[in-house]
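Sequences listed follow chains A and B, in order. Numbering of the first sequence is given in this note's numbering, commencing with residue 79 and proceeding in unit increments. Numbering of the second sequence is given in this note's numbering, commencing with residue 616 and proceeding in unit increments.
Think of the hints as simulated: they come from the structure by calculation, not from any bench. Using N, Cα and C, we set each Cβ at its ideal position, and we do this for glycine too. Each hint can be trusted.
To give an idea of the interface, some chain A residues facing chain B are shown, with a C-beta separation under 10 Å as derived from the structure:
1) Lys-123
2) Gln-128
3) Arg-153
4) Ile-156
5) Gly-157
6) Tyr-158
7) Pro-160
8) Leu-165
9) Phe-166
10) Leu-169
11) Asn-174
12) Ile-177
13) Thr-181
14) Arg-222
15) Cys-225
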Amino acid sequence: MLRLDGIDAGYGAVRVLRGLTLSVAAGEVLCVMGRNGAGKSTMLKTIMGQVRATAGTIDLDGTRIDPLPAHEVPRHGIGYVPQGRRLFGDLTVAENIEIGLMTRARDARVRDKVLDLFPRLRERMGQISRTLSGGEQQMLAIARALCLEPKVLLLDEPTEGLQPSMIALIRDTVVALKSTGVATVLVEQRVDAALSVADRIAFMTGGSVAETVPAAGLHPNAAHFAAYVGV
Amino acid sequence: MDFGPFLLLALMEGLVTAAVLALTASGLSLVFGIMRVVNVAHGAFFMLGAVLAWFVSEWVPGPPALSFAVALVICPLIVGGIAALADTVVLKRLNYEPEATIVATIGLLYILEQAALSFFGPDARPVPAPLNFRIQLPWFGYSGYKLAVVVGAALVLLAVWLILKHTRAGLVMRATQIDRDTARAFGINVDRVYAGVFAMGAGLAAIAAVLIVPIQQAHYLMGGDPLLLSFIVVIIGGLGSLRGTLVAALLIGLSDGVISTFFAPTLAKIIATLVVALVLVFRPQGLFGKRMA
Ligand SMILES: Nc1ncnc2c1ncn2[C@@H]1O[C@H](COP(=O)(O)OP(=O)(O)OP(=O)(O)O)[C@@H](O)[C@H]1O
Ligand SMILES: [Mg+2]
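The shape of chain A in the complex, shown without the other chains (with noise of 0.2 Å):
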């Protein structure tokens, strides 16, 4: 489904993803694993095209989307879900998933799919999205990416700073959209929270994926989450 390629990528001149592959494919989950710095959240911003692959190819489905303007990548189908939510804070909750439906002009019966999910945000409409709690914030980030029908959603640390039955809420709509063959790249710090949903794990450390390891092979002390992720 998605296939990242020797990709190179920074910010000015500074180098933060070097020669970085993977791929993730219809129905899989992938969880991106590495330490503070180790180059996640820029490589999913490569993915949108928001940083620039100065090296290496970017693959969707056959369609190479690496040479497009950040604003078309969405409409190939790509949901994003960033670190820290960056809802549109001064918009009400519909507004916010308004723009969610126009990235690929859905109409109102996605909406409503997508609200089904999450109840909660459909009694908070009308409500500035600043002014929700975090757990509601973080729903209202996932919903505006799913209205866009993605058939590859990005998750960058979505379980941050939220309390259990939150992250367990996320968990279920991960594997729901799984089951419908969604390709889901999962940016997660927790160990637990990573095996509960993966396929399979990637290890990043200084910008390129040192390992790649099917999920159910793995013990919470497994020596990988103490290598690359310090816990």
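Following the hints, complete the assembly by docking chain B with the ligands onto the known chain A.
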């Protein structure tokens, strides 16, 4: 005339100033609010609107009302088109760096003024008013056209507000203003939004100019005052706040009318500039602006 009617006259004159100023300044405010661009060429877009209105009044035959209606539609479109072009060809290439865009729009200001000098000439030229009736009050008669200007400006401002708050285009503009990277991640073509906003800002200045030119005459250097006053209004109201812009325009316009009538126009400008200095010292974010990080 007694003091009461004299004050009323001053306030009515002030209201006309305020209406035109609110239109012009809202264009400047929109561009700054959404694009973070300080557009020094805003006054030149105003001038261009007035100069083009003169050309239209010369070329379109028939009654002044007809050529005025044509000017009201065509001038903002042409000026907006030029602005969109300037955005795409110049500002976008500068990556909207604040210092670079200020220098670039100063350059644009001179180019537009020199172009107007070449094609329009150095003289001030009158444009006939589309309607010629006086409203007879008990104490004095007042130009019906001036009141029409106030109504027209209010309608345009209402339309701007409706567009921003209640249309898809407005939603896209507000989202871009809040976070342009995330806007792009949801398919918003930020380059196109910027070109559109820059055109809209310039178009508002052009509409204001077309409205005022039957009262003021067109001249290739007429953009200076509207630019200065718009900056004053936008700073007092709070950069990027449309509501603040309206309130400040009323404040500056009405006090300008009163002070100019009872004392002198120069004193009105001095006081307005002083007010800006005071606002900058005591409330740098403006009356309605949000404090920036
Ligand atoms: N806008 C930027 N400008 C310059 N350098 C940046 C920028 N954003 C990130 N970096 C640098 O790029 C490197 C990778 O950052 P990135 O955000 O991708 O890390 P991460 O793996 O997501 O970390 P975390 O777990 O803390 O979220 C860091 O060294 C960071 O300082
Ligand atoms: Mg990160």
